[in-house]
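Colleague: One-letter residues, chain by chain:
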Amino acid sequence: MIKNIKLAARKPGQKTTIIDVNGIRVGEGLVIIAGPCSVETERQTIETAIAVKNAGAHMLRGGAFKPRTSPYAFQGLGLKGLKILDKARKETGLPVVTEVVDTRDVSWVGEYADVLQIGARNMQNFSLLREAGKSGKPILLKRGMYSTLEEWLNCAEYILAEGNPNVILCERGIRTFETYTRNTLDLSMIPAVKRESHLPIIIDPSHGTGILSFIEPMSLAAVAAGANGLEIEVHIDPASALSDKDQQLTVPMFESLMNKLRKLRAFMDEPEMSSALQENMDTPAGKSAVQENNAQNAAPPLPGAFSEAVD
Amino acid sequence: MNLDDIRTDIDRVDAKILSLLNERMEKAILARRFKTSTLDTAREQAILDKVRRSSQCLLDPAFSVKMYEQIMAESRRIQEAGLQTVAFQGEHGAYSEVALRVLMPNAATIPCREFSDVFEGVEKGIYDYGIVPVENTLGGIVGPVNSILIYTSLKIVAAIDMPIRHCLLTLPGADHRELRTVWSHTQALAQCRNFLYRNHLDPEPYYDTAGAAKALAESRPKGIAAVASKFAADLYGLEIIKEDVQDTPHNRTRFFVISTKESDAEGDKCSAVFTAGNKAGSLFAVLRVFADEKINLTRIESVPDTPGKYAIFIDFEGALLSAAVQKAISKVSALAEGFKILGCYKEMRVEE
Numbered sequence: 001m002i003k004n005i006k007l008a009a010r011k012p013g014q015k016t017t018i019i020d021v022n023g024i025r026v027g028e029g030l031v032i033i034a035g036p037c038s039v040e041t042e043r044q045t046i047e048t049a050i051a052v053k054n055a056g057a058h059m060l061r062g063g064a065f066k067p068r069t070s071p072y073a074f075q076g077l078g079l080k081g082l083k084i085l086d087k088a089r090k091e092t093g094l095p096v097v098t099e100v101v102d103t104r105d106v107s108w109v110g111e112y113a114d115v116l117q118i119g120a121r122n123m124q125n126f127s128l129l130r131e132a133g134k135s136g137k138p139i140l141l142k143r144g145m146y147s148t149l150e151e152w153l154n155c156a157e158y159i160l161a162e163g164n165p166n167v168i169l170c171e172r173g174i175r176t177f178e179t180y181t182r183n184t185l186d187l188s189m190i191p192a193v194k195r196e197s198h199l200p201i202i203i204d205p206s207h208g209t210g211i212l213s214f215i216e217p218m219s220l221a222a223v224a225a226g227a228n229g230l231e232i233e234v235h236i237d238p239a240s241a242l243s244d245k246d247q248q249l250t251v252p253m254f255e256s257l258m259n260k261l262r263k264l265r266a267f268m269d270e271p272e273m274s275s276a277l278q279e280n281m282d283t284p285a286g287k288s289a290v291q292e293n294n295a296q297n298a299a300p301p302l303p304g305a306f307s308e309a310v311d
Numbered sequence: 001m002n003l004d005d006i007r008t009d010i011d012r013v014d015a016k017i018l019s020l021l022n023e024r025m026e027k028a029i030l031a032r033r034f035k036t037s038t039l040d041t042a043r044e045q046a047i048l049d050k051v052r053r054s055s056q057c058l059l060d061p062a063f064s065v066k067m068y069e070q071i072m073a074e075s076r077r078i079q080e081a082g083l084q085t086v087a088f089q090g091e092h093g094a095y096s097e098v099a100l101r102v103l104m105p106n107a108a109t110i111p112c113r114e115f116s117d118v119f120e121g122v123e124k125g126i127y128d129y130g131i132v133p134v135e136n137t138l139g140g141i142v143g144p145v146n147s148i149l150i151y152t153s154l155k156i157v158a159a160i161d162m163p164i165r166h167c168l169l170t171l172p173g174a175d176h177r178e179l180r181t182v183w184s185h186t187q188a189l190a191q192c193r194n195f196l197y198r199n200h201l202d203p204e205p206y207y208d209t210a211g212a213a214k215a216l217a218e219s220r221p222k223g224i225a226a227v228a229s230k231f232a233a234d235l236y237g238l239e240i241i242k243e244d245v246q247d248t249p250h251n252r253t254r255f256f257v258i259s260t261k262e263s264d265a266e267g268d269k270c271s272a273v274f275t276a277g278n279k280a281g282s283l284f285a286v287l288r289v290f291a292d293e294k295i296n297l298t299r300i301e302s303v304p305d306t307p308g309k310y311a312i313f314i315d316f317e318g319a320l321l322s323a324a325v326q327k328a329i330s331k332v333s334a335l336a337e338g339f340k341i342l343g344c345y346k347e348m349r350v351e352e
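Protein chains in written order, with the UniProt record's numbering: chain A, 1 to 311; chain B, 1 to 352.
No lab work stands behind these hints, which were simulated from the structure alone.
Note that the structure is predicted; figures quoted are calculated from it, not measured.
Note that the Cβ used here is the ideal one computed from N, Cα and C, for glycine as well.
Wrong hints could be hidden among the right ones.
[To be verified] Which chain B residues stay away from chain A? Per the calculated CB distances, all over 12 Å, these: (1) 27; (2) 35; (3) 302; (4) 312.
[As the list claims (entries may be wrong)] Straight line, CA to CA, 25 Å or less: simulated DSS-like cross-link-like pairs of lysine-lysine: (5) A:90 x B:230; (6) B:230 x A:87; (7) B:230 x A:80; (8) B:230 x A:83; (9) B:331 x B:155; (10) A:83 x B:222.
Given the sequences, and given the hints that come with them, work out the whole structure.
Modeller: Now the structure itself:
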């Protein structure tokens, strides 16, 4: 057990917390968040939103405030970007996930977005975490690129301690000695989070690999490992993108990935597979809890939100 | 000071010039009623003389005269166009004006300081119509308007029920993070209370929503926003930070259009006012007449009048000349004190 984690820790027998985002239940089935890295224009955002919705995505992502490595790189459209995301939401009905980088922006981003994302670079920005906690909005907390699981869960604790129970964890790759991929996508965090915390965990294979052709295999691997969702960058014309142009899927690529995910998900929903995952992941330390969980596993699994949405 | 700053100032001056020109055209339309013909050569000559003698140092007299000749030609054109005039309370961009634009897109809307100015102006024939808010779903009745309606000789000729969608407005380029205070009418501020609280903004009451927007555009203070209509944003060149900042979508206001003459078109709704006698069952007796005639009442409102007396406003469905309504009116007139039909009209309901 990790020390000092109170609210984020999974108690023996505790089920994964479900975060309700306008009816999309994160923590149940597989939730797909897709959209462009940055909101660039109204047309680009709305067309991407419609395309990912038609392909079966449940939420729209898109950055209006961008934390960039270089101060000279495109910083995002700011408030104007939020207004465009709002239009895309009205057009498609998809809840909007967008990043907040400044404590002074938290309430304003909350006026437009359904989920506030705290990026890897801001994971340990404690004043930002506190503000995010106060907003009461669902928070998507990315793992810092140099952070341990313990540090990550402590950051979730900051948000939970403000009285906001709606935290979704997101693994997006960490810095290792390996430089072949942009980051090393640490999929072992899926069972680790499930053992230590009741919070849902999703995977960002776009930043996790930074290589277009790696996104599909790592997405499938994440789902096989039991991720509660994926956050994937999709752009109607990646070549023209103002940021992350090399790791944004085209719409046909995303559609093809969604088809494979659907098949994999159906397979994972088979009782034998889902109970295997439960045994491996939902097990807090201690044997008695294992048995408790096994008893619950006898019940047939609920149909996932994902398969419902596909129907 | 750099080029951008100077251009911002020029934009501001241009907005003022247009607003003043519009005001001049309004006055010209009102002046038409007092004149026998649109062209008054003596008056025009007097204006041009004054313009020529003006000591604004950068303005060449020839230029000023040429400009004024054009302005006056346009004034005459507008006077001859015979636009209908409608008075409303508040500044341009007020919700009453927004409502009127839906009903009569081509009318000339004239701002008035008080509700009583609207009623008096229409009574005296200065304006063809007036538009006034009567009730709001969140704020209840508009007291001053209903008090005047008890005794007015004017007739209600149309009604409109419209959603009120507030916007948070700032000066263009203002940083939303720096905002601290919001100006607006107390009613509008109350309708956005949760929004203001969430974003750490202090409400500061103003006499009018559009007036707050206008003052913001003119005085250009830092850290201040206004809550007003989208129309006001366009009018005063303000930026919309957020649309729909009211706490509930069920924020609607009902407006009456008033005139000295009854509506020519047949209506399907009537408004009346009366005083119920101070004895048991007197109000019930009146309402019962409508029930007996199967006439649906859509509004019942009591407004304190003289001490111990209440004016009762009722709205009901049906055309004034229909048999059932005529029968009800003749019965009620005998039962209620001072029963007066305020008008028979069509009511428009705007959904979005």
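Colleague: Are the hints correct? Go through all of them and say.
Modeller: Hint-by-hint comparison with the structure:
1. 27: holds (39 Å)
2. 35: holds (49 Å)
3. 302: Fine: 40 Å to the nearest Cβ keeps residue 302 of chain B off the interface.
4. 312: Holds, since 43 Å exceeds 12 Å.
5. A:90 x B:230: holds (19 Å)
6. B:230 x A:87: holds (17 Å)
7. B:230 x A:80: holds (17 Å)
8. B:230 x A:83: holds (15 Å)
9. B:331 x B:155: Holds - the C-alpha atoms of residue 155 of chain B and residue 331 of chain B are around 22 Å apart, at most 25 Å.
10. A:83 x B:222: holds (23 Å)
Against the hints set out earlier in the document, no violation occurs for any number.
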